[in-house]
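Here the structure of chain A is known, so what remains is to put chain B in place on it, guided by the hints.
Just so you know, the sequences run in chain order A and B.
Using the working numbering, you'd call the opening residue of the first sequence number 1 and step up by one each time.
Using the working numbering, you'd call the opening residue of the second sequence number 111 and step up by one each time.
Fair warning: there could be bad hints in the mix.
In silico DSBU-like pairs for lysine-lysine, Cα to Cα no more than 35 Å straight-line [stated by the list, open to error]:
#, chain 1, residue 1, chain 2, residue 2
1, A, K57, A, K78
2, A, K69, A, K58
3, A, K42, A, K78
4, B, K190, A, K42
5, A, K42, B, K189
Quick caveat, the hints were computed from the structure, so don't treat them as lab data.
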Amino acid sequence: ILNVEQSPQSLHVQEGDSTNFTCSFPSSNFYALHWYRWETAKSPEALFVMTLNGDEKKKGRISATLNTKEGYSYLYIKGSQPEDSATYLCAFPTGNQFYFGTGTSLTVIP
Amino acid sequence: SQTIHQWPATLVQPVGSPLSLECTVEGTSNPNLYWYRQAAGRGLQLLFYSVGIGQISSEVPQNLSASRPQDRQFILSSKKLLLSDSGFYLCASRGPSTDTQYFGPGTRLTVL
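Pulled out of the complex, with its shape left as it was, chain B reads as follows:
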């Protein structure tokens, strides 16, 4: 099975500061990778997905961007954080031979 690593686990950042969240995957090659956010009291919202290196699809317009510099590395970034960026961010992977998504431990981001 796949193992998803995410860091940091928690982050408190001031409004206007930059953001970089990293996700790496073990146990598969050429996975589809996903970034989700759960805002307070809401479900999981798909932010970005990637089917390969350098290929990023954005599901909703927002203050965030994503990059996939390597096959098993997915990065979520922002140049200037907003209060509304606060939430719980999950990275997920789906390998080519499975329909199941495997999730990382998540990052709790608080923007003050």
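In isolation and in its complexed conformation, chain A is listed as follows:
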């Protein structure tokens, strides 16, 4: 079983604040790193698939970076809005399996 860790476990920010959180994963045998967004009462939804060291991907106000050599990825949210409240999961695929972190629960306070 691989160790995929996310921090912080939970985060409360004011509307309009920018925030970021971390996913750390094994740096050996890297293939890809996935980010998912999981809103309450909904299914996890894919945000990004990161594959190359130094990758930066962006979707609206959300962006992610990747460092495969040191084994971490950052997810950034610029100008947080209440609708950004969700749990953000990263997942490390290996072979046919996906290892998920425990997630960062983000609450944006209006």
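What follows is chain B alone, placed relative to chain A:
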């Protein structure tokens, strides 16, 4: 894209009763299929995955079993539920031409 159906949405079962959760997939063929569980206050734990009909891999020893009787059908079962089986169960699919997993709506299981 793929659509994952799961049922039931919620389930309350007594300890010792059997369980059957079903997952079906549309929009792809020969997917890899996965069962995950999220216990209270914890992340997603991979329970089983399947790369084809009749092929099941178990990630952790437990009170549950899985079966894949058809290409796009994945079933999670138990003969006798334990209190510790309570949690939120998610089915996911990854098609052969994509790295992304698509998740079903989940089943909230409460064992009393």
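Are the Cα atoms of A/K69 and A/K58 separated by 35 Å or less?
holds (21 Å)
Given hint A/K78 paired with A/K57 - CA-CA distance at most 35 Å
holds (14 Å)
Hinted pair, alpha-carbon criterion (35 Å max): B/K190, A/K42. Please report holds or violated.
Since the Cα atoms of B/K190 and A/K42 sit roughly 28 Å apart, the hinted pair holds (cutoff 35 Å).
Mind checking the alpha carbons of A/K42 and A/K78 for me, to see if they're no more than 35 Å apart?
holds (23 Å)
Decide if the proposed pair is consistent with the structure: A/K42 and B/K189, CA atoms, cutoff 35 Å inclusive.
With Cα atoms ~28 Å apart, A/K42 and B/K189 stay inside 35 Å; holds.
Hint check: no violations occur; every hint is consistent with the structure.
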